[in-house]
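**Q** The primary structure of each chain is shown beneath.
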Amino acid sequence: GQTQKMNLFQSITSALDNALAKDPTAVVFGEDVAFGGVFRCTVGLRDKYGKDRVFNTPLCEQGIVGFGIGIAVTGATAIAEIQFADYIFPAFDQIVNEAAKYRYRSGDLFNCGNLTIRAPWGCVGHGALYHSQSPEAFFAHCPGIKVVIPRSPLQAKGLLLSCIEDKNPCIFFEPKILYRAAVEQVPVEPYNIPLSQAEVLQTGSDVTMVAWGTQVHVIKEVATMAQEKLGVSCEVIDLRTILPWDTETVCKSVAKTGRLLISHEAPLTGGFASEISSTVQEECFLNLEAPIARVCGYDTPFPHIFEPFYIPDKWKCYDALRKMINY
Amino acid sequence: SPEERPQFPGASAEFAERLEFIQPQVLAGIPVYRVMDRQGQVLRPAEDPQLPKEQVLKLYKTMTLLNTMDRILYESQRQGRISFYMTNYGEEGTHVGSAAALDASDLVFGQYREAGEAHLDRAVPAATASVWGGETGGKMGKFGKKPGKIGKKWEIGKVRQNGDLGEEGVWALEEKPWEFGGKIPGILGQETSGNLGKETWILRFCDPKPPRFWHPPSCSDFGGLRVGPSPPDGGLRVSGSPPAARGPGYGLLSIRVDGNDVFAVYNATREARRRAVAENQPFLIEAMTYRWAAGGVSGDSQKKKSLFPRNSPKNPSIFPKKPHFSQGIPKKTPSIFRKISTRKLAFSVLEAFEQAEREPKPPPHLLFSDVYLEMPPRLRRQREELQRHLETYGEHYPLQQFQK
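Sequence lines, in order, name chains U and B.
Counting from 1, position 48 in the first sequence corresponds to residue 48 in UniProt numbering; the numbering is continuous, with no gaps.
Counting from 1, position 11 in the second sequence corresponds to residue 11 in UniProt numbering; the numbering is continuous, with no gaps.
Everything labelled a hint here was simulated from the structure, so no lab data went into it.
Certain hints may be false.
[As the list claims (entries may be wrong)] Among the chain U residues that face chain B by a calculated CB cut under 7 Å, a handful are:
hint : residue
1    : D108
2    : G127
3    : A128
4    : H131
5    : K167
6    : P187
Even for Gly, the Cβ is constructed at its ideal location relative to N, Cα and C.
This is chain U alone, in the form it adopts within the complex:
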């Protein structure tokens, strides 16, 4: 259908607009969303849909999520915003002990599947300790919720709409560095991109590279570098959904290439790359030509001035790939 040039935050607004239009029970709430949001994701929505459907909450993440769970339990569609993923931790108990377990503990008598939590995620150049985090690994360990991370405006709108419509509580992390930077032609009408399906962006035969969110663009660039400098053919996969994740696509790829590199900004130890690595070595042990490489943030809090040294940039990824090829 008709498309429009949108950046990431505009594609989010478009998705929310579609959701609010289609679903009369949908409400959008969080800190500062009424005026349009600190990243402009909710601009215009309150004017269009009214103050009863787009509203601010007190500064209280635990409350935002708890409240959202309650709305969802009644059958309405709750779209909660946590202003930065770094602030999601006060809501951790609500997410893990309430939202994730609602259906299970009641034997499906009740559920909060209509809940979606959105939060800006990932490094942004100057975010430092509390405006740069990628906490997906904490939630990957929690059965009962879904965790989704888009790499672009086009992906974001489709994935967010799928999260909103999905009948399980979902967390949707939005790479904040891409809010303005990423621009694409995005359909104006609603559309869905399936959850729990990884996407192969580029096929290749020598190495599989897996990432999500911003880091997908880094490994895409590394794939090009590898081809040009080393003559190495890379298969690039955007995982898209962290939980439940698409093991089949990744394992099928590694069975073919024999080498795997996973990269994320979050710290190495306990990061989601460990889960992928562990699964792949179980499923593809005999196919592996080299140890699985993880190129991640260091085991430190996300630094302030040292950010350029901390992040798993293309040089680190390239170097790891080179070592894998030469193993």
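Following the hints, complete the assembly by docking chain B onto the known chain U.
**A** Positioned in the frame of chain U, the structure of chain B alone reads:
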């Protein structure tokens, strides 16, 4: 003059030129609304809810049943026959009185101690359901929506046991009643929620003042305040700080009621519900009770020093108050109450309990269901793994207690 008043946004106060701290006790003396005296006499006829005799009997019967069930199930827990049980001693009037004032379609977010909040004639006492849920691996719903394990007499109704301290109830607040078919959720709180700081934000979400907070929600919050033995001095002390005193701080209409007085709780809940719907604003009800039960499952509450020995005639709460009728019925204990035989109730509980114990538990594969609406492939594989494991090692598992 106006220029001399503070200009801080939201402040409507005067300046003060003397350094003086506000005493914390300034609001401690909030009066406790009651309908009956300690003997169960209605004090002011105008406050009598004039409930039909059958309903009063039912209220009382439920309270007594709850009390009876508590004794049996508490012992069962101590004997290791069930894993968790929270008694409701001292809070029967609060649960039953508030439940009676709600509609069957109202959504209630209970915690782990609102067993009596079950709608009177049909819901499984929620806390008990969760106990039994625990015994069935949390799968009470998987009895094909049959009555919960506690017995065939009761069905699972709209009561929601969430095991946490009331956060989800806050939603209430948001949705207009007409959008959800008149659902007025009641948040059932306990004072411990104040201790965890959660109450603070629950109340903040109820704050109707613009511009920081949004349009006022509708809610009723029932707080059971623990008044009890507080070491080391063993004296009577209101633990934590009373919710009713905090309500006004957040702009909430608040009331404190005698939680042992089923009519008082009923009246307050009914009126709060009516006004919450009509005025679309939240209400805070603090139901004061004497909770004899333990705060948690560890430890033995019997060991705590008690201000009022359990059997002391001074103890205001050893039995739920038997309400007296205002019209034309002798003021002594009406014979109508003698129809409620505690022995018979105990028998019915035991019977249900034993039957539930005999029934096989749901099949083990249900361990894997309802994590999500649909079962992810990985979980399906894990289910198959367990299946295969049991085929070889099944003798080491208590399979005989479970359905196939």
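**Q** For every hint, state whether the structure bears it out.
**A** Against the structure, the hints come out as follows:
no.	hint	result
1	D108	holds, 5 Å
2	G127	violated, 26 Å
3	A128	violated, 27 Å
4	H131	violated, 23 Å
5	K167	holds, 4 Å
6	P187	violated, 26 Å
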